[in-house]
Amino acid sequence: MKYSVNSVWENKDQYDVAVVGAGHAGCEAALAAARLGFRTVLFTVSVDSIALMPCNPNIGGSSKGHLVREIDALGGEMGKVIDRTFIQSKMLNRSKGPAVHSLRAQADKSAYSRAMRQVLQEQENLDIRQMEVTDILTETNPESGKRTVTGLQTYSGAIYRCRAVVLCTGTYLRARCIYGDVSMQTGPNGLQAANYLTESLKSLGIEMNRFKTGTPARIDKRSVDFSKMEEQKGDEHVVPFSFTTDPDSVQIDQVSCWLTYTNETTHEIIRNNLDRSPLFSGMIEGTGPRYCPSIEDKVVKFSDKKRHQVFIEPEGIETNEMYVGGMSSSLPEDVQYAMYRSVPGLENAKIVRNAYAIEYDCIDARQLKSTLEFKEIDGLFSGGQFNGSSGYEEAAAQGLIAGINAARKLQEKEGIVIDRSQGYIGVLIDDLVTKESHEPYRMMTSRAEYRLLLRQDNADQRLTKIGYEIGLVSEERYEHLKEKEKMIAAEIERVNHVNIGTSEKVQKILEQHGSTALVSGTTLAELIRRPELSYEVLAEIDEERKVLPAEVIEQVNINIKYDGYIKRQQRQVEQFKKLENKKIPEEINYDEIQSLRIEAKQKLNAIRPASIGQASRISGVSPADVSVLLVYLGGKNRE
Amino acid sequence: MLNKETIAAISTGMSNSGIGIVRISGDDAFQIIDRIYKGKKKLSEADSHTIHYGFIKDGGETVDEVLVSVMRAPRTFTGEDTVEINCHGGVYVVQRVLETVLKNGARPAEPGEFTKRAFLNGKMDLSQAEAVIDVITSKNEYALQSSVSQLRGSVKKKIETMRETLLYHTAFIETALDDPEHISVDGYGETLEKELIPIREELKKLIDSAGNGRIIKEGIQTVILGKPNAGKSSLLNVLSGRERAIVTEIEGTTRDVLEEQIHLNGLNLNMIDTAGIRQTEDVVEKIGVEKAREYAESADLIIYVADASRKLDENDREIVQIIAGKKVVVLLNKSDLEPVLTREELGIFLEDEFPVIEVSAKEEKGIRELEQQLKTMFLSGDLSFNDEVMITNMRQKSALQDAYMSLRKVQESIEDQMPEDFYSIDLMDAYEALGSITGETIGEDLVNEIFSKFCMGK
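Protein chains in written order, with the working numbering: chain A, 1 to 639; chain B, 1001 to 1458.
Among these hints, one or two may not hold up.
The list that follows gives simulated cross-link-like pairs (lysine to aspartate or glutamate, EDC-like), each with its CA atoms no further than 20 Å apart [to be verified]:
1) Lys578(A) with Glu1005(B)
2) Lys582(A) with Glu1113(B)
3) Lys435(A) with Glu599(A)
4) Lys1205(B) with Glu1195(B)
5) Lys601(A) with Asp1134(B)
6) Lys305(A) with Glu1449(B)
7) Lys375(A) with Glu587(A)
8) Lys484(A) with Glu554(A)
9) Lys306(A) with Glu1181(B)
10) Lys1156(B) with Glu1201(B)
11) Lys578(A) with Glu1195(B)
12) Lys567(A) with Glu1412(B)
13) Lys567(A) with Glu1005(B)
14) Lys582(A) with Glu1005(B)
15) Lys636(A) with Asp1134(B)
16) Lys435(A) with Glu1449(B)
Residues from chain A shown here face chain B by an in silico Cβ test under 7 Å; the list is partial [unchecked claim]:
17) Leu92
18) Gly97
19) Lys146
20) Lys298
21) Phe302
22) Ser303
23) Pro531
24) Gly635
25) Asn637
To be clear, the hints were calculated from the coordinates, so they are not data collected in a lab. Quantities reported herein were computed from a predicted structural model and do not represent experimental measurements. Positions of the beta carbon are idealized from the N, C-alpha and C atoms, including for glycine.
All chains should be built: construct the whole structure from the sequences, respecting the hints.
Below, the structure written as structure tokens:
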């Protein structure tokens, strides 16, 4: 039972910021607040579950890798920790354009958790507290009627006073794990759920959603026949996530993943047992994501596909558990055995942990500002799966921003908002706080409209200056970046002006790389733009070239090669910024604007966008409504 | 392409009076006029608030002999650099001049955009804010109505099909980029190019035909009303010169609404033939009658066909109510038969002073008089049409061109062996441009397509 009246007491330790939940969002939030000098307490239901990876054993992946690099560029922790604890790494989409290159690492899960926990434990200003938080305490300003956070209360009855709270409850709120007709009131991995906080939030007027996600079984490595599978190795040369990691330090011995496939028998087993799925019986009410469908979803929805890929991935070095990627499920236990064992190489598979679906409470993030503070409650911030997203990286990114902005609130500084032209973090948060969503939100590269500018290779150039100004990036690191940028600019300038004649040497190099011979002179930059050539292969005919760091060469090559496309997107960004910079005053009364259509009025009233740009992205707000809004604001400004 | 900030439109109401003004406003206004104007001096170097004589050229071809006013910011209507081209060659030529301007770097102005800019740049009084908003909303409403409802059915279908194809392929590429270990997009350029060839051809045809008003129907919206079998369809056939509407002796044959573009004496009439107005229980026919009312409501001109061979009845009374206070020409049809209803009787019956002309659709009598009447009304300014329709057509043509150019860029990227992720950027631009014609926005289309058509891993 929750505390009684007798056990209520006030903890007199002085805290400025309290973070609820120590998953990937909570860790970044707590570190950011503490590093910015605020006394921070981090609550978790179990200290042993700090930075837990309850689903896939990966950090990064398409567009998620971008997020990790951006977190790092701003001074976050995730990239550094995975660089120390990965056991395999790949740069995905290497054969595609630089915008979609994306790092993806296999993590040693327990090593990752331990390493992150150690960082937290050693962090000045930061205390870890194992305890369930049950109530958020607020006071109401008698004049404005607006609530302000004053602290929180725990399951044990203790009251902690603080000036900002960051909610990062992940999948723990009223969590329920389900397979077949078995249902457990627990969070992921059998961990204790947080069953009380939802009520407290509702009483503050916060609207809650219920989402669902799922995970596949973990199987015993000794029971797997790898000879029937294709081996998937890591990259020969590993690129680190963090811009601060020495590239030499990540060239380690890597472990392999394994690829196998489902077959008609597997699908038959699934089809025959669909009526036993909790989704069909109505036991699961939450909305699941379309992008990581359970194997039963895939079999039903894509019935013409004869087989689906299955990746067998190690969960760490010191464990024999293997993650069965591609086969998440909430079918009953006996069906799970049958279906996994129908897959080549898994005939004798022993299940260590069952696959399950998990349901949890979260919010509609449109109740938040772009700073991740609740519009209606001063000092209350939130990040991660609680905001309706999915994935470790999405969570960490929001946690970092929420933590930074909680700190900035106390510093009485304006909140940090990364916009859609500055980073995937901006796209992620803007989508969450602007668009209606019926499923956990996953980052995707197609969601970023300026992705040629938002590359993983230039995250430092985009965001490290901001990180430095916030106070999370050191002077030394910032100076290093400035030096790098100088070198890049100088070299691009030089290459644009290096003239190349039609000498024999030049023609020979061109021929060697299958490039057509020159008829007349040109510049080195023009040659680099040819698809079959690059900055590096033309070294021989570039006599003045100095030795430059690899990170500089990479930038020079990309910027010259894709110059036309990059410039085009830069022009689009200029237009975007114009609308983004037209701020809408918080006190605007949309009902007063006669000519707005009713639908637009309703949506604008509900979301209360911060800028004309954000308003234009709300579905149901037409370009004409935006024009009306512009004229209305133009008039207001002159009054 | 959507970022072009210099805008252009025809700023006079369209009439056949001959003179029309194309206005260009924005930072690139002078650059654009320099590209297309041939005269004594370069207009970018001309003094502000001066007028210049010369020619508008589209490549080698002379489009019109013009007077061009050059006005520099901020002393202009919009507060921006502004160029106004006074054209002399009539409706068609003004349209061609605007097209030439658009081709050279301006985009068609959004409804009410000049006014909006004028206001935002402080050129209008604060008290006018409300009026400015009204202009924007009413023009937008009209534009939206005309852009979508006047889009020809076949064009709409074609555009929708093209969009489906573009979205599908973009979604495929994006799925592969998001989930490269499950789906490979290597060498997709060739497949894609094969799909894009017919789309580009189709777009080209649409662009070429856009000049003839085949994208949307322009002209004076004219509705023909009359009780069943009064001879509306026969009249339309005479005017259009061919058998289009089904003409029979049975009442209520023309159930649907028929439309026809008719050129009379240089006037463009967009004729809408309706089901006869009649009290009816027949459901299908009722829809037709409702439609007739609806069309009559928004028409620029109504032609009421009365039947000289029959007595006035309930149906005629109904029509008189519909047409009260509108621009109407009344035709007393079947003047070749024994008259039951005379011109005088009809005149008394009508509540307004409408011109009445005796015609015989069957013997093609009185048609010349009708033409003359319409021309008189048009020239006296009694009859006009909303220029927004034509501008809408321009906007749509411009959107088609944008889509075409984006697909050409995809083609170039494929030829240059650019990586596949570059294709989808231009594919989505084309998708968006086409959507602006049918009135759709992108929203979550791509993400939805990815999830519904392709199986992602994890």
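For each hint, the structure was consulted:
1. Lys578(A) with Glu1005(B): holds, 12 Å
2. Lys582(A) with Glu1113(B): Given that 20 Å is the threshold and the Cα spacing comes to 18 Å, the pair holds.
3. Lys435(A) with Glu599(A): holds, 15 Å
4. Lys1205(B) with Glu1195(B): holds, 17 Å
5. Lys601(A) with Asp1134(B): Holds, because 16 Å separates the two Cα atoms, which is no more than 20 Å.
6. Lys305(A) with Glu1449(B): holds, 18 Å
7. Lys375(A) with Glu587(A): holds, 12 Å
8. Lys484(A) with Glu554(A): holds, 11 Å
9. Lys306(A) with Glu1181(B): Measuring from Cα to Cα gives roughly 17 Å; hence the hint holds.
10. Lys1156(B) with Glu1201(B): Roughly 16 Å between the alpha carbons, so the hint for Lys1156(B) and Glu1201(B) holds.
11. Lys578(A) with Glu1195(B): violated, 37 Å
12. Lys567(A) with Glu1412(B): Since the Cα atoms of Lys567(A) and Glu1412(B) sit roughly 17 Å apart, the hinted pair holds (cutoff 20 Å).
13. Lys567(A) with Glu1005(B): Given pair Lys567(A), Glu1005(B) holds - Cα atoms ~17 Å apart, limit 20 Å.
14. Lys582(A) with Glu1005(B): OK: Lys582(A) and Glu1005(B) at ~17 Å, within 20 Å.
15. Lys636(A) with Asp1134(B): Status holds; Cα separation ~17 Å.
16. Lys435(A) with Glu1449(B): holds, 17 Å
17. Leu92: Since chain B brings a Cβ to about 5 Å from Leu92(A), closer than 7 Å, the hint holds.
18. Gly97: OK, holds: Gly97(A) within 7 Å of chain B, min 4 Å.
19. Lys146: Violated, about 30 Å.
20. Lys298: holds, 6 Å
21. Phe302: holds, 4 Å
22. Ser303: Not OK, violated: Ser303(A) not within 7 Å of chain B, min 11 Å.
23. Pro531: Check passed: Cβ of Pro531(A) comes within 4 Å of chain B, closer than 7 Å.
24. Gly635: Cβ of Gly635(A) sits 4 Å from chain B, so the hint holds.
25. Asn637: This hint is violated: Asn637(A) lies away from chain B, its Cβ roughly 10 Å from the closest one there, beyond 7 Å.
When the structure is compared with the earlier hints, violations turn up for hints 11, 19, 22, 25 and for no others.
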